[in-house]
Amino acid sequence: MTKKKQITVLFLAAAVLLALYAGLKAYNSWSYKAETEKTSKELAATDLNTEDIEKIDYTDGSDTVTFEKKENTWYYSQDEALPLKQSLAQEAVSAFCTITGNRKLSGVDAMEDYGLASPAFSVVLTDGKGRETSVDIGSSTGTDYYLTADGGTTVFTVSSTILDSLIFDTASMIQTETFPEIDSKTLKSFTVKQKGKTLVSCSGDDEDLSEYGSELSGLSLDTCVNYKTSSGELSNYGLDQKKRKEMTAVYDDSGKEKTQVFYMGSTFQENDTLYAYMQLKGSKMVYKVFVSDTEKLLEEF
1 MTKKKQITVL FLAAAVLLAL YAGLKAYNSW SYKAETEKTS KELAATDLNT EDIEKIDYTD
61 GSDTVTFEKK ENTWYYSQDE ALPLKQSLAQ EAVSAFCTIT GNRKLSGVDA MEDYGLASPA
121 FSVVLTDGKG RETSVDIGSS TGTDYYLTAD GGTTVFTVSS TILDSLIFDT ASMIQTETFP
181 EIDSKTLKSF TVKQKGKTLV SCSGDDEDLS EYGSELSGLS LDTCVNYKTS SGELSNYGLD
241 QKKRKEMTAV YDDSGKEKTQ VFYMGSTFQE NDTLYAYMQL KGSKMVYKVF VSDTEKLLEE
301 F
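Note that full-length UniProt numbering has the sequence shown beginning at 1, numbered continuously upward.
Quick caveat, the hints were computed from the structure, so don't treat them as lab data. Mixed in with the good hints, there may be bad ones.
Said to hold, decoys possible - In silico lysine-lysine, DSSO-like type, Cα no more than 27 Å apart, as pairs:
(1) K129 <-> K195
(2) K243 <-> K193
(3) K242 <-> K281
(4) K193 <-> K242
(5) K185 <-> K281
(6) K104 <-> K69
(7) K85 <-> K188
(8) K129 <-> K197
(9) K284 <-> K197
(10) K284 <-> K195
(11) K188 <-> K41
(12) K55 <-> K129
(13) K258 <-> K188
(14) K69 <-> K85
(15) K70 <-> K284
(16) K85 <-> K70
(17) K70 <-> K55
(18) K41 <-> K55
(19) K258 <-> K69
(20) K193 <-> K296
(21) K185 <-> K258
What the hints assert, rightly or not - Pair by pair, the computed Cβ-Cβ distance ranges are:
(22) Q78 <-> T198: 40 to 46 Å
(23) T176 <-> T248: 20 to 26 Å
(24) L105 <-> Q78: 30 to 36 Å
Just so you know, these numbers come straight off a predicted model, no measurement behind them. A virtual CB, placed ideally from N, CA and C, is assigned to each residue, including glycine.
Take these sequences, add in the hints, and give me the full structure.
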């Protein structure tokens, strides 16, 4: 065999080997994908479309929470006036629409052995046609929990993280308002009034303006103490017209002049920490803010 023919044979052999390798790799990839899909399907406790769900109820045996969707907005059914964090309801629905177990148990007889005769948590998902899917969560097993979504016919173990989406504390459900981003560079003027009398008025290069701007930059409306304050309740927070301080901040927002009016109320102590009540103009929500962050705003005149 000539050297030229030998080289040709070697190239052909190499091509065949590469083709075999590519084919084997493709088969292994397909086989792995098929096996993974098969395993995921076998371990699927629920497989629902989140868009179809219009109501979710969950209970820990003591407290019950219901979220219901109306015209694409989720509401807290126990009090629809509560400004609900939409992501909270969405995450709860998402978590229970697609549940994949870590293990699937066979030969389950006594539900009480898994804490499912009297579940620690029960969740009911209801779609737009009124069809319900019930999910019960029983005892813990290591870092997992026992769960059934078909009345106990099939029991799975699932990660304890599934419970993270079950929020019972109403304070954690509230979508708080946002105070605008204002600092010493963007604040153009600031006034403080009480009972119609102007206590503070500063603008331009006034040193006080810079100090007010610094405090405003640290304001955060994280803790709402009352989300539906009535006019009769305002005096409880020192936010009625006779007591409150009305503050007006004129600031620059990307080249546009904007105004934010808010009220500061009375101060109080809680767990050795001083707080002050605060409210945005036009809002029914009352917040508590740290006095240490608002000392300039709370100055007595």
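We went through each hint and held it up to the structure:
1. K129 <-> K195: violated, 56 Å
2. K243 <-> K193: holds, 11 Å
3. K242 <-> K281: Measuring from Cα to Cα gives roughly 15 Å; hence the hint holds.
4. K193 <-> K242: Since the Cα atoms of K193 and K242 sit roughly 11 Å apart, the hinted pair holds (cutoff 27 Å).
5. K185 <-> K281: Holds: K185 and K281 sit about 23 Å apart, inside 27 Å.
6. K104 <-> K69: Status violated; Cα separation ~32 Å.
7. K85 <-> K188: violated, 33 Å
8. K129 <-> K197: violated, 59 Å
9. K284 <-> K197: holds, 24 Å
10. K284 <-> K195: Within the cut-off at roughly 20 Å; holds.
11. K188 <-> K41: Measuring from Cα to Cα gives roughly 61 Å; hence the hint is violated.
12. K55 <-> K129: holds, 11 Å
13. K258 <-> K188: holds, 10 Å
14. K69 <-> K85: Distance ~13 Å between K69 and K85 Cα, so the pair holds.
15. K70 <-> K284: Holds, at roughly 23 Å.
16. K85 <-> K70: holds, 14 Å
17. K70 <-> K55: Between K70 and K55 the Cα gap is close to 9 Å, so the pair holds against 27 Å.
18. K41 <-> K55: holds, 25 Å
19. K258 <-> K69: Since the Cα atoms of K258 and K69 sit roughly 34 Å apart, the hinted pair is violated (cutoff 27 Å).
20. K193 <-> K296: holds, 14 Å
21. K185 <-> K258: holds, 14 Å
22. Q78 <-> T198: 40 to 46 Å: holds, 44 Å
23. T176 <-> T248: 20 to 26 Å: Distance hint for T176, T248 holds at roughly 21 Å.
24. L105 <-> Q78: 30 to 36 Å: Between L105 and Q78, where Cβ atoms are some 35 Å apart, the hint holds.
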